[in-house]
Amino acid sequence: MYDFCFTLPYAGLLALGGVTGFLTKGSIPSLAGGLGSAAVLAVCAQISLAKYHQGRLCKPATATSLVVTSALTIMMSARWRRTRKFMPPGIIAVTSAAMSLFLLWNLLCMRPPIKEAKR
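Under our numbering, the letters of the sequence shown match residues 746 to 864, in that order.
Just so you know, the hints here were simulated from the structure itself, not pulled from any lab data. It is possible that part of the hints are untrue.
Said to hold, decoys possible - Per label pair, the in silico range of CB-to-CB distance:
| # | residue 1 | residue 2 | range |
| --- | --- | --- | --- |
| 1 | A784 | R827 | 18 to 28 Å |
| 2 | P857 | S772 | 37 to 47 Å |
| 3 | M820 | L849 | 10 to 20 Å |
| 4 | K804 | T828 | 34 to 44 Å |
| 5 | A795 | L849 | 20 to 30 Å |
Even for Gly, the Cβ is constructed at its ideal location relative to N, Cα and C.
Starting from the given sequences, assemble the full structure and let the hints guide the process.
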């Protein structure tokens, strides 16, 4: 599994969460945080996908995604501990931690795609 396989859907969920937080609670920080982090992750995923089609990996894009997801894990875990509410900080903390682990594994273990021989 390459990083873009999960980063794009994860970015979509973050964007949706930010918009939902704004529409239901009027939270501008939720909107800015959700859309901002989703935009950075979506750009990184698109860059990785483009490099994949060229038969290469883009470690800087994966590393940037790892930094964003790790920051979200730390911030939302602190908020979860402070508020004791699982929804939404707990869910974002858990999914961000899972994404961080996936991206770390991707950086350490992933090899460039093998191009098929043309017939």
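Checked hints:
1. Checking the proposed 18 to 28 Å range against A784 and R827 shows it holds: the Cβ atoms sit about 26 Å from each other.
2. In this structure the supplied range 37 to 47 Å holds for P857 paired with S772, their Cβ-Cβ distance being about 41 Å.
3. Taken as a hint, the range 10 to 20 Å holds for the pair M820 and L849, whose Cβ atoms sit roughly 18 Å apart.
4. For the hinted restraint 34 to 44 Å between K804 and T828, the CB-CB distance of approximately 36 Å keeps it satisfied.
5. Evaluation of the 20 to 30 Å hint for A795 and L849 yields a pass: the beta carbon distance comes to about 22 Å.
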